[in-house]
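Chains as they are written, first to last, in the numbering used here: chain U, 1 to 1183; chain R, 1 to 372.
None of these hints come from the bench; they were simulated from the model.
Some hints here could point you the wrong way.
[Stated by the list, open to error] Derived list of chain R stretches under chain U, where covered just means 3 residues or more per stretch with a C-beta under 8 Å from a C-beta of chain U:
1. 130 to 137
2. 193 to 204
3. 314 to 321
4. 352 to 359
Using N, Cα and C, we set each Cβ at its ideal position, and we do this for glycine too.
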Amino acid sequence: MDEKVRKQKKHQQKHSGPKAERKKQKKLGASEEEDERKRNPKAFAVQSAVRMAKTFHRAQDIKTKKHHIPVVDRTPLEPPPVVIVVVGPPKVGKSTLIRCLIKNFTRQKLGDICGPVTIVSGKKRRLTFIECTNDINTMIDLAKVADLVLMLIDASFGFEMETFEFLNICQVHGFPRIMGVLTHLDSFKNNNTLRKTKKKLKHRFWTEVYQGAKLFYLSGMVYGEYQTQEVKNLGRFICVMKFRPLVWQSSHPYVLVDRMEDLTDPENIRTNPKCDRTVSLYGYLRGAHLKNKSHIHIPGIGDFQVGSVNFLPDPCPLPDAQKKRALNEKERLLYAPMAGVGGLVYDKDAVYIDFPANHVNQHQEEVRPTTELVQSLIDTHATLDAKMAVSKVSLFSSSAILDPTDVNKQSREQEGIKEKHVWDPNIKRERRKVVFSKEDEEDDFSGSCDSEDSDQADEEDENDDDLGTYLRAECKETATGDVPPKKIQKLEKVQREVITEEPAFADSEDELENSEEDDEIWEAGYSGHSSEEELEKESVGEGSTAEKMKTQSEKESEEKEEHGALRWKDGLQQKAAEAFLRQQETVPNLRKLVYGSVVEAENSEEEEEELGGLFKVSLPQKSKKVQANALDCSHFTPDTSHNWDLEEMLNSIRDCFVTGKWEKGQDAAILLKQDEKLYGDFEDLETGIVHTSQAAEQDEAENDEENNELKDVQVKMDDEEVQKNKRLEKKRRLKEQFDTEYDDGDATYFDDLKEEMQKQAELNKAEFEDMHDDTRVQYEGFRPGMYIRVEISSLPCEFVTNFDPHYPIILGGLGSSEGNIGYLQMRLKKHRWYDRILKTRDPLIFSLGWRRFQTIPLYHIEDHNGRHRLLKYTPQHMHCGASIWGPITPQGSGFLALQSVGGTEANFRIAATGVILDLDKSVTIVKKLKLIGYPYKIFKNTCFVKGMFNTMLEVAKFEGASIRTVSGIRGQIKKALSTPLGAYRATFEDRLLMSDIVFLRSWYPVSIPQFYNPVTSLLLPPSQKDSWSGMRTLGQLKHDLGIHNNPNPDSLYKPIVRAKRHFNPLHIPKELQKALPFKSKPKQQQPKGKTPRDLQRPSVIREPHERKVAALLQALSTIHNYKKRKTHTVQHAKHKDYLQQKEKQEEAKQKRQRQARKKLYRVMGQQDQKKLRSSLKGGPKDN
Amino acid sequence: MTSGGLSYDGCNFFRQRLVLSTLSGKHVRIKNIRSKDDDPGLRDFEASFIRLLDKVTNGSRIEINQTGTVLFYQPGLLYGGPVEHDCNPQRSVGYYLEALLMLAPFMKMSLKATLRGVTNDPSDPTVDLLKSTALPLMKKFGIDGEGFDLKVVKRGMAPGGGGEVVFTCPVRRTIKPVQLTDPGKIKRIRGVAYSVRVSPQMGNRIVESTRSVLNQFLPDIYIYTDHMKGLNSGKSPGFGLTLVAETLNGCFLSAEMSSTPQGQGDPVLPEDLGRNCAKLLLEEVYRGGCVDSSNQSLAVLLMTLGQQDVSKVLLGPLSPYTIEFLRHIRDFFQVMFKLEVQKPSEDERKGGDKVLLTCVGVGYSNINKTVK
């Protein structure tokens, strides 16, 4: 074996040539640094400029495609719960899925899923689940508020219409995140079909949503629930999902209502069951900031103005910030008041106790009465409380709107845990605390003043209960309120006056109105004084000291004591001082000056002050009228107290000019010095002199000294640190300089924009961050994420009586002027899956903005000259314009249209989709109108036309108009004729015939019908909620009433009867005939006529004998013919036989001959061979 | 529908109410217009203003009772386009122009307004002032670009008028939020000393006396003399001065003064006028802020109509007109401003107290603009 292992040939290293040279170079280290590109330039040369450009373009395209328009991130710090809409056709497993998810997150079981269910899913996320019924109204409403859609699909059945309808709704109203969930997968027995179905459904889902959209598979049920692991996975997906803000949602505030209470006076309901209701609705605010007194739309009911908005403590708060990873049992909250879960809820005017989840009955009806019972118990206390509360209010000669949130907070802090056993330990601790423990205390005050405000007390009664909290809140208000810092004496006086003269001001209920009225007076007064002096004073004096404050509050407390002995006043000063410190920076004076009392309404102490100020100013009653009609001028007359001749005045503004003193960071001299310190060292390259900055030298010198003097290590360390810091500083500045020099050029417009947005977002967050919620709400409005209570008066009673929690209630905020109605121009396209075309003037139900409404659209199309021509029907596969009378909605918002929202048809229900283009008050749609007339007298090119008009005046209006005949001759109207009426003279480009019809094409403006009918589906009884029907179309009406249209007989289709046409003979003149070639002469072309009579031969009539002879001859010839034929056939057969025989013989003969030839040839061949052989033999013999 | 209207008393702040009504779409009813006056009802200049409003809008409904003491205004959509208006000579063009400045960015088509009448009078901001301060202010809010211009074609002084101004403004869909918290230092002062139908020497006399006051602070002062002749000089004689101080951060503070109209009050000397106007400018500088006192309300409006973001503007003391404007904004848009007083520190010599206005915009979008 060893011999077989051959030694390989050794590599011979080159010792010369370019390779060896290169190696040598490498060894020396010279060629190391050489770039690949430089070494081998050909490999990196540009082969094709075009290809290079292409690759560059493509790279840029891909880069740019990733860009979205940057938007300011306006999500609040504590975002509202994510709305998860579970949607799908009936019996697909929606409720089961929600139940499973809730169980997964909170370990609680829920029976019937009514309304939204809010849960805490993690440390930073809450979820609101809501089930979407099969009703298209619900689908539309929920698509507008959804953040995430769980789209359930029955895999055993496949896609259903509802799924696609919902997807299309989503496409129109902004696309929320959509996650598909396949259920009923256990019905597949065959694994192969299961896989195939999954794949098929997945791909179809992808085409609808986007490529790679997540589709979940729930493989089967275990004891009526989905498998725990799968639900857990789904839950995880939901928890980490990110959402892109949708345009409509982020620009409008909206609330998905999760709780509803009727506040109407029961007496009113008793006397008139159909009276309008006052209802408070609760829910998390989402989207944008909601302002008080703004307009909202409730889809399914209509437009309303918000009566009052308050924010409540979060019923389902996020857990406090903690380090641990998982939530503990107490933090897994569940809030679903409509489903009867949510524990105890406090409110401005009621306490609501709900049963904890474990005890929840499956049927809501059973829960309700129990709650009412408890409420009735509370009611008995409430009356007392009410009186007390009112009495207390009167003590302060002020008026204040009490904030329910404060009420609640306060009550929670103060209460004992008297009724602790009532509630579920799962529900949060705060909720357990109840209002009634302080009754004794309150009784003390109540005695003093219930007589004063009995009417108020009544009111309070109506508004249920919770007045104890009311009272306490007021205490707190006074404590926390702002203390006004200025003009103490004056205000004091005025206050007293107010107290004595105006007891009405003490009324807390009327406070708003009063203050508003007075405000106006005050405003007028103020502006009348045109008092910049006052303004100046106010702004100057606003920074008053805390001592002032204290004295003020003392005085005030004294006043209060005069009116009633109050226990809670203890520590008031201290509280007031605290409050002042808290709000000092807000400087209420200027704000008060501008906005008056309404703003300060919550702070009762300020209120008093304010009231005083108000009273003072309103005293000169005359000035109000004068000022209301003063000169409207924006000029701000200067302050006369400033004398600009004085040097000190001039000095006071010196620094406003560039010649004045600069700030430290900007002063040129200081900056220069700093620069020198850092960049002072440089070496003059020409001369070789090294300059060191003076500062550095000094430093060095100092260092030397230090080194010499102190050998202590500690000092050295310090010194090093100083040096290090200096170096770092220098580095930083150099870096900054470098960045400014080089980065700016590289930054794109997109980067700049993004940075700008980022900055704005930070500012938005920071601006009001450290402010108290009460004040913050006034500036910003209620911010998204807050749990708010919206009170709406004058809701139709059907809303309450026909309330069904399964149907979502949405409060959609409206922007400015979105509450108005006007004309809208839109681009519309009939949906390609809708099987009919739409007819102009047929009512159609639109879903636009928050609203669903029925209106009458007119379809039109734009001609080349910009004219909007009315269409009778929508085009099949094309966009067209549509104009409607409807709610003003910003341009660019999408809409969809339905023919009916009632019932479920098999067909696709979305009739059309489109987008709003324009809002224009003047409508420019025109319809073609053809006026027809007939000529009755024709001259050369002029003719008289009648029948087009009725009077001379009408003709006069159309003088000069162009007209046309059906045959295409154009003309012009010249002048009216006296008789017959309406006839006119017209000229044409050619002569007309009497049979011509003249028409005038004109355009007639069409007006859009002002029909706007909101879909009030929520007001219908529960069983009929999905069967709203509005105005019927003409076709439906006719069908319903059994009316048959009598069509114009001319319009009917009839069999076409064409009369035979007779043409006159062609006459060719003789001269022409002569010239024609012979072939074309008419004589030759004429068919041969009949033979003339004289040429006709007479017919022969035979004699009887001759007839007999002829008959005999005939017979004989027949026989002869027969015989001939017979012989012929026989002959033919014989001949055939003969031919056959002959053929046989021939064949035999051929055969014989062939054999003979064969024999002959064989013999010949043998002879030849013999000959050849003999000749071969003979040859050698010869040799 | 329930788009709650508002109701006011008296004719004061007439323009504010109508302008805000137009922008917010809320109808407004103004009662008791000079009802106790000897000459009750709307004045001619107010009627002229209403007519101008009618010209720039489409579909607005205006009802005035017999005596003219009650006005009902239902706003239509802002239309824009070319508009010509003969302003009543009782008030100057500035009166009308102030309102147009507020409305112009929110029209359907870009506005080209030709206003004829009194261009300069002592009571209202003159066109020169608006040109030099309001336009740069609006540019900060993103109203910029081609065709944003205010041109004084003819000058017409107070009683007679006869001036002509062309104002063109492009259309915007949204307004940018601004942070104008630092006015910066004044780097230059510019001005226009105008004179019509008087000796051209008047302008030079004004310039001379103005410089004598302002040179104590700044060397960079240039005051143009604008003497218009012939057809461009209007119907009445007069002269005046507009001064503008520009800061390093591009803020403009202005002051102006016009001669008393012919036949009304004592005539003023151009030297006095120049000096007084310079003092007015110093007063304005004393007040300070990023926006001068005559444009405060414009700035406030544009802040309100911005995106739903925080806007900040530092102003001098609020003028009564601005205070009323803030109240009206609360009525029409439910927006309240956070008002913080900024006091200058001890060693600084930067004039009086300033007010920092902060607000969150309503997220207003121009619903009049057509999308194609």
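Checklist entry - the segment 352 to 359 of chain R covered by chain U? Criterion: 3 or more residues, Cβ-Cβ distance below 8 Å. => result It holds: at least three residues are needed, and the segment 352 to 359 of chain R offers 5 whose Cβ sits within less than 8 Å of chain U.
| task | Apply the coverage criterion to the segment 130 to 137 of chain R and chain U: a residue qualifies when its Cβ sits closer than 8 Å to a Cβ of the chain, and three qualifying residues are needed. | result | Since three or more residues must qualify, the claim that chain U covers the segment 130 to 137 of chain R is violated, with 0 doing so at under 8 Å.
- Query: Checking C-beta pairs, does the segment 193 to 204 of chain R have three or more residues closer than 8 Å to chain U?
  - Reply: Coverage by chain U is violated here, the residue count being 0 at a Cβ distance below 8 Å.
Checklist line | Per-stretch coverage check for the segment 314 to 321 of chain R, three Cβ contacts closer than 8 Å to chain U | finding: holds (count 5)
Taken one by one, the earlier hints fail for this structure at numbers 1 and 2, listed in ascending order.
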